[in-house]
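So the sequences go chain by chain: A and B. The number in my numbering is simply the position in the first sequence, starting from 1, with 1 added. The number in my numbering is simply the position in the second sequence, starting from 1, with 761 added.
Watch out, some of these pointers could steer you wrong.
Below are the BS3-like pairs computed for lysine-lysine, each with C-alpha atoms no more than 30 Å apart in a straight line [to be verified]:
hint	chain 1	residue 1	chain 2	residue 2
1	B	825	A	95
2	A	176	A	95
3	A	276	A	260
4	A	239	A	217
5	A	95	B	860
6	A	120	A	290
Note that these hints are calculated values from the structure, not bench results.
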Amino acid sequence: MTIDRREFLRRSGFGLAATLAGLSGARAAAPSSARGARVVVVGAGFGGAVCAKYIRMWDPNIEVTLIEANDRFVSCPMSNWVIGGIRSVDELVKSYDQLPRNHGIRMVHDTVVGVDADKRRVLTRRGDSYAYDRLVLAPGIDFMTELIEGYDVAESHGKVTHAFRAGPRTALLRKQLEAMPDGGVFVIASPPPPGRCVSGPYERACMAAHYFKQHKPRSKIIMLDGHFDVVSKGPMFKAAWKKFYPGMIEHRPNNLAVKVDHTTMTVSSEFEDVKGDVINVVPMMRAAKLCDTVGVRTDSQNRWCPVDGATFESTAIPGIHVIGDSVLSNIPKSAHVSNNQAKICAAAIVDLLNGREPNPAPIIGSTSYSATSDHTAGPIAVVMRYDPKQKSYIRQPGGGASPECDELNFAYNLAWFENIWADTLT
Amino acid sequence: MKKKVMSFIGIGLYAVTATAGAADTHIRVTAATCYICHGPNGKSEHAIPGLAGQDRNYLVQAMKEQKTAARETTVMRKYMLGYTDAEIEAMADFFASVK
Ligand SMILES: Cc1cc2nc3c(=O)[nH]c(=O)nc-3n(C[C@H](O)[C@H](O)[C@H](O)COP(=O)(O)OP(=O)(O)OC[C@H]3O[C@@H](n4cnc5c(N)ncnc54)[C@H](O)[C@@H]3O)c2cc1C
Chain A
2 MTIDRREFLR
12 RSGFGLAATL
22 AGLSGARAAA
32 PSSARGARVV
42 VVGAGFGGAV
52 CAKYIRMWDP
62 NIEVTLIEAN
72 DRFVSCPMSN
82 WVIGGIRSVD
92 ELVKSYDQLP
102 RNHGIRMVHD
112 TVVGVDADKR
122 RVLTRRGDSY
132 AYDRLVLAPG
142 IDFMTELIEG
152 YDVAESHGKV
162 THAFRAGPRT
172 ALLRKQLEAM
182 PDGGVFVIAS
192 PPPPGRCVSG
202 PYERACMAAH
212 YFKQHKPRSK
222 IIMLDGHFDV
232 VSKGPMFKAA
242 WKKFYPGMIE
252 HRPNNLAVKV
262 DHTTMTVSSE
272 FEDVKGDVIN
282 VVPMMRAAKL
292 CDTVGVRTDS
302 QNRWCPVDGA
312 TFESTAIPGI
322 HVIGDSVLSN
332 IPKSAHVSNN
342 QAKICAAAIV
352 DLLNGREPNP
362 APIIGSTSYS
372 ATSDHTAGPI
382 AVVMRYDPKQ
392 KSYIRQPGGG
402 ASPECDELNF
412 AYNLAWFENI
422 WADTLT
Chain B
762 MKKKVMSFIG
772 IGLYAVTATA
782 GAADTHIRVT
792 AATCYICHGP
802 NGKSEHAIPG
812 LAGQDRNYLV
822 QAMKEQKTAA
832 RETTVMRKYM
842 LGYTDAEIEA
852 MADFFASVK
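Let's have the full structure, built from the sequences with the hints guiding it.
Given below as structure tokens:
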């Protein structure tokens, strides 16, 4: 794409100023307006789509290109409801038509395969390249399936799936539960935090139990939990299991799955072998491979991307921001938090490209709702403020999980789905 | 309004280049985090009420009562305890002015 090169040269002086402004301490004579500045956002999930939109909303002078591998948006939130049979998989799938049209975003459906950080260019599978002044990576997570012996082959046979990236895997797990006989055993093996949506496996147990209660009441659910306790909303989940599904759900903590054998339908932890009619194994996670390829997945375990908490700029490569589940942080990895991070990052990028100091102490609100049946749910709500001295988001007093679930919160959970989808996609 | 907001939240945090615009940004971004539940731009057609265009004094009162638990809430008390009164007032100004 020669046009990118010409544009890049035309703007190279500006690019330098923007780079300097981005380095902490150094404040170069910054441009007065970001007219023609270019931002490329990779990944149009709950983080990337929102970041692209709000950059355009807050400074229409900035050109934004949003590159997404999939043609349509598929929501992980509500996917447990599909597994429990109270929603259909179609309801998770949304169109990308409105977002670029409403906000003047250039949307490209392609897979990013690399980044030339020196030349500030993004490279795609189709062989195109896109120049940027600032790049935002929001590619989500990958699964460390190599840590579970037999997982990849079991999944390739369609026998075992994680269903922690919504789409065909969600539909497969639902089909497996539908085919399970009454009196069967459903095993859910979940990893310790950090990872995407730590309350997801427990909500999934509720949803499956809700389905079994109606249709297969003699069935059982065994949760092999890699954590020492229910990670999130523990009192609420335990109370709901007792009240709605007495004797059906057995939670076995400190039981990280290390092996799965699809020929005998057995999942093994370090302590025991458990047979299941349906086996759902959620492996440990890390920031998507692209982050490693680019060189921003630089924490000590090569799992997450360290960033400056005020701007979400990578601490490894200037000019590249990372948001969403890929980020190394003490904040939960959720759609709600990814949306918050996207807005903070968008505002910081607008400020940096206009030569202004970004807000050094932004605030993130973190909520996740979990359904416990087809008419009850409960929330957690926490506010966190960034402390630039401690370089960390500090949890404010007063927040926490609700110990109970009820119908009112189920209605609010539905409103949350509708409003976050609208905020992300329109 | 700009000056008032600055004097509450800006102190000691913003570098020399900061202006009243920085305080506006802080409130604009913080208010945008409410959209997830209260709808884009504070406009909601669902069970969680919209905030856009509501009376400023009503919004201030509602949020302060949430904070002190004078008003019964599911999540809002947990949220409001995390914000300063100045931020609450500035967010009320923000949402009241959305057309
Ligand atoms: C079962 C389940 C239930 C959940 N429920 C909730 C909930 O109720 N509330 C909540 O807040 N969160 C929930 N979550 C968590 C939420 O889904 C994630 O935290 C959120 O999706 C993270 O957003 P993200 O933008 O980082 O990644 P994603 O939303 O995964 O988006 C990443 C995007 O990047 C694209 N991409 C990746 N690599 C490339 C590439 N190389 N080139 C181009 N495009 C690429 C992908 O196609 C994808 O569209 C749930 C998750 C699960 C699994």
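Outcome of the hint check:
As the CA atoms of residue 825 (chain B) and residue 95 (chain A) are separated by approximately 37 Å, the hinted pair breaks the 30 Å bound. This hinted pair checks out: residue 176 (chain A) and residue 95 (chain A) have alpha carbons roughly 22 Å apart, not beyond 30 Å. The hinted pair formed by residue 276 (chain A) and residue 260 (chain A) meets the criterion: a straight-line CA distance of about 12 Å does not exceed 30 Å. Restraint check: the Cα-Cα separation between residue 239 (chain A) and residue 217 (chain A) comes to about 21 Å, which is no more than 30 Å; the hinted pair holds.
Among the hinted pairs, residue 95 (chain A) with residue 860 (chain B) is consistent with the structure: their alpha-carbon atoms are about 28 Å apart, no more than 30 Å. About 21 Å separates the Cα atoms of residue 120 (chain A) and residue 290 (chain A), which keeps this hinted pair within 30 Å; it holds.
Hint violations for this structure: number 1 only, all remaining hints satisfied.
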